[in-house]
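J.: Listed below are the residues making up each chain.
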Amino acid sequence: MIKRPFISLAKPRIEYESPDVTLPEPKKIPTSEKVTLLLNEAYEPFGKKNAVLLKKDDSVKTGQKLSLYDDSDAYVISSVTGTISSISPFLGEFGCSYIAIAIDVAEDEEMDEQFKALSVEPTMDIAKNYLSFIPGNPPASLFSNGSTSPSIDTIVICGVDSDLLITANQHALISDEKAIRKGVGILKQITGIENIIMAAPEHLMQNAGVCGAQVSVVDTEYPATLPRMIMQNVLGKIVPAEKSCEDMGVCFVSAEAVASIGTAFEEGHIPLFKKFNLIKKDGNSVMISARIGTPVHEIFSACDVTVNEKDRIILGGPMTGSSIYSEHHPIQPDTDAVMIQDGKNLALVSDYPCINCGECIRICPAKIPVNMLVRFLEAGQYEQAAEEYDLYSCVECGLCSFVCVSRMPIFHYIKLAKYELGRISTAEATNA
Amino acid sequence: MLNQKKFIVSHAPFWHDGSTVTARSYNMIIAALPAVLFGFISYGMPAVGVVSLSVSSAIVWELLFNKISKRTISIGDGNAALIGILFGMLLPATSPWWLVITGTFVAVVIGKQIFGGIGGNPFNPVLIGLAILMVSWKDFFDFNEALVNYDLGFAMVYPLSALKHLGTSGIDAFNTADLLMGQQSGGIGATFGLGLIIGGIYLIIRGFIRWEISVSFLAGVVITALLFNLVNSAQWAGPVFHLLTGYTLIGAFFLATEDSSSPVNFIPMLIYGAGAGIMTVLIRNTGAHIDGVVFAILLMNLVNPLLDRIRPKALGKVV
Chain D
9 MIKRPFISLA KPRIEYESPD VTLPEPKKIP TSEKVTLLLN EAYEPFGKKN AVLLKKDDSV
69 KTGQKLSLYD DSDAYVISSV TGTISSISPF LGEFGCSYIA IAIDVAEDEE MDEQFKALSV
129 EPTMDIAKNY LSFIPGNPPA SLFSNGSTSP SIDTIVICGV DSDLLITANQ HALISDEKAI
189 RKGVGILKQI TGIENIIMAA PEHLMQNAGV CGAQVSVVDT EYPATLPRMI MQNVLGKIVP
249 AEKSCEDMGV CFVSAEAVAS IGTAFEEGHI PLFKKFNLIK KDGNSVMISA RIGTPVHEIF
309 SACDVTVNEK DRIILGGPMT GSSIYSEHHP IQPDTDAVMI QDGKNLALVS DYPCINCGEC
369 IRICPAKIPV NMLVRFLEAG QYEQAAEEYD LYSCVECGLC SFVCVSRMPI FHYIKLAKYE
429 LGRISTAEAT NA
Chain F
114 MLNQKKFIVS HAPFWHDGST VTARSYNMII AALPAVLFGF ISYGMPAVGV VSLSVSSAIV
174 WELLFNKISK RTISIGDGNA ALIGILFGML LPATSPWWLV ITGTFVAVVI GKQIFGGIGG
234 NPFNPVLIGL AILMVSWKDF FDFNEALVNY DLGFAMVYPL SALKHLGTSG IDAFNTADLL
294 MGQQSGGIGA TFGLGLIIGG IYLIIRGFIR WEISVSFLAG VVITALLFNL VNSAQWAGPV
354 FHLLTGYTLI GAFFLATEDS SSPVNFIPML IYGAGAGIMT VLIRNTGAHI DGVVFAILLM
414 NLVNPLLDRI RPKALGKVV
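For the record, the sequence lines run as chains D and F.
Note that my numbering has the first sequence beginning at 9, numbered continuously upward.
Note that my numbering has the second sequence beginning at 114, numbered continuously upward.
Pulled out of the complex, with its shape left as it was, chain D reads as follows (with noise of 0.2 Å):
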């Protein structure tokens, strides 16, 4: 954990990790007796939805396509040959819904066929059906056909990694990069964009400038690879508070999501290795490679983690990760880092009031005035933060929280303020 200097006078630097240069071969997890794919879809047993398409004791193939409902297109890639154990609802963090398809793992792989068929000649629409369950997460609005509004006109590939002690982008920037390269090409082919732009670090300009994309250098202060700020600084876009990038013409892609899709049309078979660090409790972080669905135990009795209760067991960095209750969470394609806290030294939250001194507004990328948001957002009044104290501004890097004296959860409540004015804009668009 990184402590307040002793000498503070300015803001303090906080750098994002370098991946190893001796750049050791990830760790690969043995197949686990069970994974659990989480499917983005609301679960309906007794809705209007079409047919159901999957039922328990269902075989399964290695790279199978599995949809549950006739008439949707939310599917996910089986990672595993088995039979489904089970499918249940499963609820993610603020209200998101989705539907876990637990498999058995049977004893012989078996590959499924469809998509090789398909991959000779690369199209938008088998990129669309086959590709948006990958390592990496390539978000929806990659694979939109233009037709739909926004277009998007500009593709920024991140060979960076989103939040502190991850090096999961950077790593598949330096061990992927013929993947990349091709990945670059079918991109460009298929969505018929031609300006594509690689944020790397200056430490990886080399494998950047090899992958056939325009190259821009990204700074190394957390958080200058957060979407809203490599917009600001690198393409020099400002983007409006309540606009999203893809509102401006610009969908950010992780290089591990190109990596996957090269290395999905070079191969003919959809990726399901899952590159990711294992951060232990000690802070060492380790570079681990398992299939898309694995649940988190299976990594830590592999890396001889013991897990404790009253551990705090993380995906995603330190910073902008999101906690886990059960060791059974499975690790999906967006998973770049599973972490460990020990119960004994974490860092909680407290009920103290702001004291106003002033540490999140030094500190914010922003610049929005924390210390009278924060009030208004403690009082619920969400909607006056977000028209007179710039909610809707943030970045969500969650520097305020890490700097708050008081130990305000600060990030908490901005995220819960923008969750309940998006239930409350929906709500009036259903009654209008």
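Derived by calculation from the structure, the hints in this document are not laboratory data.
Worth double-checking, as some hints may not be accurate.
Covered by chain F, according to a simulated footprint, are these stretches of chain D (three or more residues, beta-carbon under 8 Å) [claimed, not checked]:
(1) 312–325
(2) 376–387
(3) 392–403
(4) 409–417
What the simulated footprint calls covered on chain F by chain D, stretch by stretch (three residues with Cβ under 8 Å from a Cβ of chain D suffice, anywhere in the stretch; the number is not a length) [claimed, not checked]:
(5) 122–128
(6) 132–143
(7) 310–323
(8) 420–427
When the alpha-carbon atoms are kept at most 27 Å apart in a straight line, the in silico DSS-like pairs for lysine-lysine are as follows [claimed, not checked]:
(9) Lys69(D) / Lys35(D)
(10) Lys42(D) / Lys119(F)
(11) Lys42(D) / Lys289(D)
(12) Lys289(D) / Lys11(D)
(13) Lys288(D) / Lys118(F)
(14) Lys251(D) / Lys426(F)
(15) Lys426(F) / Lys19(D)
(16) Lys430(F) / Lys245(D)
(17) Lys352(D) / Lys288(D)
Model, not experiment: these values are computed from the prediction.
Note that CB positions come from ideal geometry on N, CA and C, so glycine has one too.
Go by the hints and put chain F onto chain D.
T.: Below, chain F without anything else, positioned relative to chain D:
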């Protein structure tokens, strides 16, 4: 599934830089110690008594109010102790016990707790306590009268009142080095300029106070005093005299920088500090009071919410 391990689940971020309100308060107290210890050496046991009573009664008032209002006990954060020690530093060593206890009551309960405790106070609690005492029992804050029985080997006349009544001819006896080394009468912890400067620099380097406020406060004092001095050097004292006498230094480093009642944005901090500095010299030179720091800072506390509306445009704000 039933005997699953239970984990701690919370929202990001999962790191914290380790700063606490308690550490902040205690570091302020540590920074104040050189000046306080100098006061103890100069004025002896009465000074020890006043400061000790001030610290302890401030803590007791806060504890009592926590109990009465049925809120969590907040004396552990050290803020009440900080209010106590700063309050004691401003008092003359001969203050009677009831004056100290009344003062800390006003400071802690009326200055801070009735606004909801730490972070809610619109004014600096220490100065609220002191201002009410100064208005109510004026005589106890006449340092010439209060310290009449002390002979510390230098002119036991309060420099600011000498200036007020006699003009610059009254302050010839004071030289800069003596004033800096605390060779002047005044509040227990407010006379030792060097100690206050060291404490202030410590706080600035550690990032516990905002340097913009201290620097602009001192700049405001210097510039205003210089202007007065240039107009009529027989009547108005020079900037260095104003810097080293009265509550100027303790005000610049310990009072004006109080978190809740001061702005946090860069330009407002400069205006706030400079405004308080200018008001200080204005009150000293043209006002009714002998020292202007207390009322100058309280006045700027009042405009703080307005000042803090001057802020940089947030990322992505179009208008």
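J.: A separate judgement is required for each hint: does it hold in the structure or not?
T.: Here's how the hints hold up against the structure:
1. Beta-carbon proximity to chain F at under 8 Å applies to 9 residues in the region 312–325 of chain D; the threshold of 3 is reached and the given coverage holds.
2. Check result for the region 376–387 of chain D against chain F: holds, 4 residues qualifying (beta carbon to beta carbon below 8 Å, three or more required).
3. A stretch counts as covered by a chain when three or more of its residues have a beta carbon under 8 Å from one of that chain; for the region 392–403 of chain D and chain F the count is 4, and the coverage holds.
4. Coverage of a stretch by a chain is defined here by at least three residues with a beta carbon nearer than 8 Å to that chain's beta carbons; for the region 409–417 of chain D and chain F the count is 8, and the condition holds.
5. For the region 122–128 of chain F, the stated coverage by chain D is satisfied: 7 residues place a CB nearer than 8 Å to a CB of that chain, which reaches the threshold of 3.
6. Remark: the region 132–143 of chain F is confirmed as covered by chain D, as 4 of its residues place a Cβ nearer than 8 Å to a Cβ of that chain, reaching the required three.
7. Look at the region 310–323 of chain F against chain D: 5 of its residues bring a Cβ nearer than 8 Å to a Cβ of that chain, three or more, so the hint holds.
8. With a cut-off of 8 Å between beta carbons, the region 420–427 of chain F has 5 residues touching chain D; three or more are needed, and the interface restraint holds.
9. Under the criterion of a C-alpha separation no larger than 27 Å, the hint pairing Lys69(D) with Lys35(D) is consistent with the structure, at around 24 Å.
10. Of the pairs offered as hints, the one joining Lys42(D) and Lys119(F) holds, with about 21 Å between alpha carbons and a cut-off of 27 Å not exceeded.
11. About 26 Å separates the Cα atoms of Lys42(D) and Lys289(D), which keeps this hinted pair within 27 Å; it holds.
12. As the CA atoms of Lys289(D) and Lys11(D) are separated by approximately 16 Å, the hinted pair is consistent with the 27 Å bound.
13. Taking the CA atoms of Lys288(D) and Lys118(F), the gap is near 18 Å; set against the 27 Å cutoff, the hint holds.
14. For a cut-off of 27 Å, the pair hint linking Lys251(D) to Lys426(F) stands: about 17 Å separates their Cα positions.
15. A distance of roughly 19 Å separates the Cα atoms of Lys426(F) and Lys19(D); the hinted pair therefore holds under the 27 Å criterion.
16. Distance hint between Lys430(F) and Lys245(D) is fulfilled; the C-alpha atoms sit about 13 Å from each other, no more than 27 Å.
17. The suggested pairing of Lys352(D) with Lys288(D) holds, with an alpha-carbon distance near 14 Å, which does not exceed 27 Å.
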